[in-house]
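Q: Using the sequences and the accompanying hints, generate a full structural model.
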Amino acid sequence: MRRIILLILLFLLALSLSYFYFSFRTNSVSIISPLSRIDLWFPNLTSSSDVAEKPAISARSAIVYDLTSEKVLFEKQPNMILPMASLTKIMTAVVAIDHKRKDDRYLVSESDLVGENSMGLTSGEILNQNELLHGLILASANDASEVLASNTLGRQAFIKAMNDKAKRLGLRNTRFTNPSGLEGDGIQQSTAKELLILTRFALKNYPEFAKVVATVEYNIPYSENHKAFELFNETNLLTSYPGVKGVKDGYTYEAGLCLVTYLDYQGHEIIAVILGSNNRRQEMKDLLDFSLRSLGITPPPHG
Numbered sequence: 001m002r003r004i005i006l007l008i009l010l011f012l013l014a015l016s017l018s019y020f021y022f023s024f025r026t027n028s029v030s031i032i033s034p035l036s037r038i039d040l041w042f043p044n045l046t047s048s049s050d051v052a053e054k055p056a057i058s059a060r061s062a063i064v065y066d067l068t069s070e071k072v073l074f075e076k077q078p079n080m081i082l083p084m085a086s087l088t089k090i091m092t093a094v095v096a097i098d099h100k101r102k103d104d105r106y107l108v109s110e111s112d113l114v115g116e117n118s119m120g121l122t123s124g125e126i127l128n129q130n131e132l133l134h135g136l137i138l139a140s141a142n143d144a145s146e147v148l149a150s151n152t153l154g155r156q157a158f159i160k161a162m163n164d165k166a167k168r169l170g171l172r173n174t175r176f177t178n179p180s181g182l183e184g185d186g187i188q189q190s191t192a193k194e195l196l197i198l199t200r201f202a203l204k205n206y207p208e209f210a211k212v213v214a215t216v217e218y219n220i221p222y223s224e225n226h227k228a229f230e231l232f233n234e235t236n237l238l239t240s241y242p243g244v245k246g247v248k249d250g251y252t253y254e255a256g257l258c259l260v261t262y263l264d265y266q267g268h269e270i271i272a273v274i275l276g277s278n279n280r281r282q283e284m285k286d287l288l289d290f291s292l293r294s295l296g297i298t299p300p301p302h303g
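For the sequence shown, counting from 1, position 171 maps to 171 in UniProt numbering; every step adds exactly one.
A couple of the hints might just be wrong.
[Unchecked claim] In the DMTMM-like style, the derived pairs of lysine to aspartate or glutamate whose C-alpha atoms are separated by at most 20 Å in a straight line are: (1) Lys160 <-> Asp98; (2) Lys193 <-> Glu75; (3) Lys193 <-> Glu217; (4) Lys227 <-> Glu217; (5) Lys54 <-> Asp66; (6) Lys193 <-> Asp286; (7) Lys54 <-> Glu208; (8) Lys102 <-> Glu208.
Just so you know, these hints were derived from the structure itself, not from any lab.
A: Put into structure tokens, the structure is as follows:
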């Protein structure tokens, strides 16, 4: 009988101990929330608040791409189809180089002297392609674009060659209606992403283009064929952001302020495109700063 009572008491004691053990376990777990457990396991985990925020830009469309790591570092509606203004001249340069005249003599006609930006050409002057390319890029000269087109293939054939080149590069949303980027000849459009592709192609395959876009100042001396010209590149951060190697700016009322910039800095080659901005210079600097930081690189001091 005593043995039975002892067994019953031992059973009740074991049951009580089990209850208190599991009760303690349950209460202990409830004290440590999932977030607290993560903090305990990864005490150095960076929270989202510590990550640099993407810059807020007025540009309607933008993209930044690192050629070195082949990564998109920033994008804002990169496939939006928009007017591109004088970014058109990137393709103008490519097609002109593709079809360079053997005699390298380009005659200025009265019909080439369109308004807006100009390098100051006069009907009857003769220049070589290199001189006109510098006018095309540094001064964003519309007269230079027209001279290149009319003397290379003829204006209409040149524009067709621009569109054919776009198709071969897979630029499905890019369309050219003139060699300058001026409005008035029909819808001329592209996207930030496709302009990035075009710029990458031009820089990689046309050393003449890469050299011209990286030029800050270019003087064409007087000759028997033309007057002297002084050309300056004042827009593309060449003198204000270390590592920038050009490429092209653009503006029309319809397109807004546009800019394509190539940066070569601390082992990374970056192309950035802005379309439809209210402040392209500052926004480009902000995008370059952000992109470098996202790569773990401290941006250079700049104006």
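Q: Next pair to validate is lysine 102 with glutamate 208; report whether the Cα-Cα distance is within 20 Å.
A: It holds: about 16 Å lies between the C-alpha atoms, which stays within 20 Å.
Q: Does the structure keep lysine 193 and glutamate 217 at a Cα separation of 20 Å or less?
A: Violated, at about 29 Å.
Q: Can the restraint linking lysine 54 and aspartate 66 be considered satisfied, given a maximum Cα separation of 20 Å?
A: 16 Å, holds
Q: Lysine 160 and aspartate 98: Cα distance at most 20 Å?
A: Within the cut-off at roughly 13 Å; holds.
Q: Is the Cα-Cα distance between lysine 193 and glutamate 75 20 Å or less?
A: Measuring from Cα to Cα gives roughly 9 Å; hence the hint holds.
Q: CA of lysine 54 to CA of glutamate 208, is that 20 Å or under?
A: 35 Å, violated
Q: Can you confirm whether the C-alpha distance between lysine 193 and aspartate 286 stays at or below 20 Å?
A: Given that 20 Å is the threshold and the Cα spacing comes to 19 Å, the pair holds.
Q: Is the hinted pair lysine 227 and glutamate 217 satisfied, with a Cα-Cα distance of at most 20 Å?
A: 17 Å, holds
The structure fails hints 3, 7 (numbered hints given earlier, in ascending order).
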